[in-house]
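Chain by chain, the residues run as shown.
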Amino acid sequence: MVLGFLASQLLVGLSRAMILFIVSAGLTFVLGVLRVPNVFHGSLYMIGAFSAFSIATQLGHHPASVWVAFLTAPLVVALIGLAVERTLLTRLYQREHLMLILFTFGVTLVLNDLVKLAWGADYRSILPPPVLQGSAVLMGVPVPRYNLFLLAVGPLVALGMWLFTHRTRIGKLARAAAVDREMVALLGIDVNHVFAGAFLVGAYLAGLGGALVAPSTSITLGMDHTILIEAFLIVTTGGLGNIWGALLGALLFGLTQSLGVLIWPQFAIVFPYLATASVLLVRPRGLLRSVW
Amino acid sequence: MVKVRRPATSETLAGRTWPIGFLLILIPALLPAILPIFYTYLLALIFVMGLLAMSLNLVLGYGGIYQFHHAVFYGVGAYAVALSITRAGWPAPVAFLLAPLASGLTGLFIGWFCVRLTRLYFGMLQIALGSLLWVIVLRWYSITGGDNGIHDIPIPSFLRQILPAYYFILAVVVISLLVLYHIVRSPFGVTLQAIRDNAQRCQVVGVNVRLHQLVAITLAATFAGVAGALYVVLERSVFPSMLFWVLSLEVLVMCLLGGWYTFLGPMVGAAIVVTLRTTAGRYTENWTMILGILLILLVFFMPEGVLGFLGKLIARVALPQGRQQEFKRAESAQAEEKVIPGRSSHE
Amino acid sequence: MSDVRKSQILMVFLVGFIFSTTVVQAQMPRLVLDIKVGIVDTYSGPPAVFSNDALNGFKLALSDINKAGGVLGSRITFVTRDEKFSPETGLSMARELVLQEKVDLLVGTINSATALAISAYAREQKIPFIVWIAKSEVITGAKGHRYVFSTGENTAMAGKALAQFAASRPYRRWWIAGEDYEYGHAIADAFWRYMKQLKPEVTLAGQTWWKTGEPDLIPYLTAILSARPDAVFFGTGGAGMANVLKTMRAIGFAERVPTAIHTAIDYTALKPLGLNAPEGVMGTTDYLFYYPETSDNQSFVRAFQSAYGTPPGFPAFHGYITAYFIAEAFRRAGSLDRERFIHALEGLRVRTPVGMVEMRACDHQAVLPMFAGVTQKSPKFDFLVASNIVTFRGPQVMPTCAEIQHARGQ
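Protein chains in written order, with our numbering: chain W, 603 to 894; chain A, -8 to 338; chain E, 26 to 435.
Since the hints were derived computationally from the structure, they do not count as laboratory data.
As the structure is a prediction and not an experimental result, all values here were calculated from the model.
Please note that a few of the clues may not be correct.
Unchecked claim - Listed next, the stretches of chain E that the computed footprint assigns to chain A, with coverage defined by at least 3 CB atoms under 8 Å from CB atoms of chain A:
hint, stretch
1, 111 to 119
2, 136 to 142
3, 204 to 216
Backbone N, C-alpha and C fix where the C-beta goes; we use that ideal spot for every residue, glycine too.
Pulled out of the complex, with its shape left as it was, chain W reads as follows (with noise of 0.2 Å):
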């Protein structure tokens, strides 16, 4: 039993680290590329979440509606994020992080308003699709199969990521411009092009991350606050634009807020923020490697 209940604990923890994972990937790649701290990342995962619900009840009680959200929500993030970076962001490249910091956090308040004059101040929740639904027992103990589900999607992501940083076209140039944009432009090469797709992989994996917690939490105003300062938390212990260190990140923070559970229920809050200043006095630019 007490086994099991590790183990849930784990898992659980695990589960939870997936869903940071994948938003902090999102922020990192961004950080990475383009060199912009995106303050609006966070409200791009609530429209993630607030769009899932959306279409999802749209689509009623089909049992394929939950999972035409999970695709479709990042896309329509993704989009706003494309638009935001061509009308906006993309005159803004040369401008110092903190000018950055003060635009992105402009568009932050905007589009806070703006989701709360779409969807209102009600609570939203949607159901993971039915064959999620309960939860298997390990070991005597209960773990909702939707977290198991999350455990198997953080891999993908990831696998992903590697996959478009290092077979496609735009991903291997996007990689290069991290490290030096003034090379990949002398080369001939439109880095207008290449920011605006990175800029739309960084929302859509913010969307994805909101649309993929909707089912597990209730939907609110004001849940882009915590996963905005965790996220760059996770980035930071990572190593900035380093997509494996935001896993590493991710991890420890999850696992570290799960297990500080354990051990001080009362002060399980601290742990996470211990780990990370430990991380960044030991090794004071993050975990893994950083093109910062």
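Chain W is already provided as a structure; the job is to place chains A and E on it using the hints.
Chains A and E in isolation, oriented as in the chain W frame:
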């Protein structure tokens, strides 16, 4: 190469000539006579937030340090006053002196860890460490009152009316700004700005970069503590959200909005944000969207902040030909610097 | 004149002009002598769903009152301010309402911290302040005073009602869990305090607290299950409540261990989950739109439903009775004088959807009945409702006046 970061006009705004400085004090001192009482209160609140933003700008604008969790020091100052009066029962003057001390020490402690890191890494470590303090304040119900905060703090009765509180705050803020101004102009301040512009070069010529940064952080934290104590004077309440990262972001926005290359810019930024927050709610529920649009426009059309922009505008209109040239040179030097962004020059 | 001086004067002129226009605009005199209520509450962010419900109830009552001619020959009007769940902002806005809008009294908020801060300000300004959603018992308890009132239930009342409901069942080893903020702890403390009074043999098997807004509660809930307590009490509300119910449903929590939560049977908590909320959860609330089935309640529900397209939740009920308390008190006071208003409000009884409700004179707390029950599906609704409803009258669940005086240190 000498980098001219701050255009010549910002010096005039900082009060190079004494009549201007005198006016800057005289006008706020006379305003309560004609203002409705609520606006006197609002001005006092603006001074408190402005002092907080200006203390941040000492490290952000002059030091080029990514101080992302400045609110912690403000909150520590406010709680130092609140706790030493309500829990320890110490007299108010002691409590008010304790606030900057506690904040300064917190700044020294957090800064000591953070100065090993650079830019975003620095900022995120500060958020992680600052959040630990925030958790303590939020959790330690028996001492701090948890998320309810502490209310009705018995400060000396002569400060409980808005008018005396206003003049007290004005006096402390003016003194603090004079001290800050001297710090910025002192050899220390000049070195700090040199570190901001090129840390490597400073290192090579034998400047202890980290020590300078640590001192700057400690000083900034101390003034944030003063602002925290002044908040207690004005509102007689403290809340854990005063240590939350959201407020830090807001203060950062005040600096950038007002103009972080100028001395008084953060005060202007604070005035805009505080006024918008307390009065725009009268007309619309979506006032944060207005602020958002304002910020986006600002980044595009006046990246040097409101005060920086006004300074530039006035310089263009009012400066005689000779100084126009001089000003343009200063500006183009600044523009040149921006082509190769500050990103690569720091490390 | 030097260039420096010129530019400075231009600057000062510009800033002064902008500032003075806002001041002048704000100084327009009040034309009609209405009774003006200033409302500070959270109208954006997660709690807005409750604040808007309260405001709707208040508006519904006001339109009836004003249609019937208002009070003292005046209409009752209101202005709202969105504090965005920030007590600093809320406090500034309360000042603005009092000093600038010249409101006759203040009403608000869902945020206990803001309520306490404004309460302290109201005492200093000698202006009445009616709290309508915030549930901290210290508002009218230890920190209560002449100028603060509450028209909603508080943690002491809810905890005592739920303790009485649960004490009649055979559970002895309790586990207490909840969201780690003021409300979560306050409601848990109250529940446990009264539980031990009613049933001294109960023991505390353990406690779990998670941070507000924690999205994934499965680790916490499975940890509780593995400890096998007889029953569990959750101290949670709002969005956190929806999360707890959702997680309970996902791991079949309520089937494994009996569970008690204040507001678990409440419409605002159960509506977002539809038929997917867990059944068999013990809960309490001070208002149910389908119970009691009196004509007063039914006509309130009908009017609310036709105005806003949804049945009223408990905040709407609080907003509704707040308006009637205000109108009745002014009528009885016979003038807009604040002290006479307070005097009239003390001990005032008004007719409400749940029967006559008194504003207790000793602590300024509305004497509200509490309803307890167990969640269950119903053929009539597409969300869960309470079954086996037990009603506790106000005096059964409220601290006595002597206890209040003791808490205030008198």
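Check: Counting residues of the stretch 136 to 142 of chain E with a beta carbon closer than 8 Å to any beta carbon of chain A, are there 3 or more?
Finding: Since 4 is at least three, the answer is holds.
Notebook entry, point to check: Are three or more residues of the stretch 111 to 119 of chain E within 8 Å, CB to CB, of chain A?
Noted result: With 7 residues in contact (Cβ-Cβ under 8 Å with chain A), the coverage given for the stretch 111 to 119 of chain E holds.
Note to self: Using C-beta distances, would you say chain A covers the stretch 204 to 216 of chain E, given that this needs three or more residues below 8 Å?
What the structure shows: This one holds; 4 residues, not fewer than the three required, reach chain A with a Cβ under 8 Å.
Consistency with the previously given hints is maintained throughout, with no hint failing.
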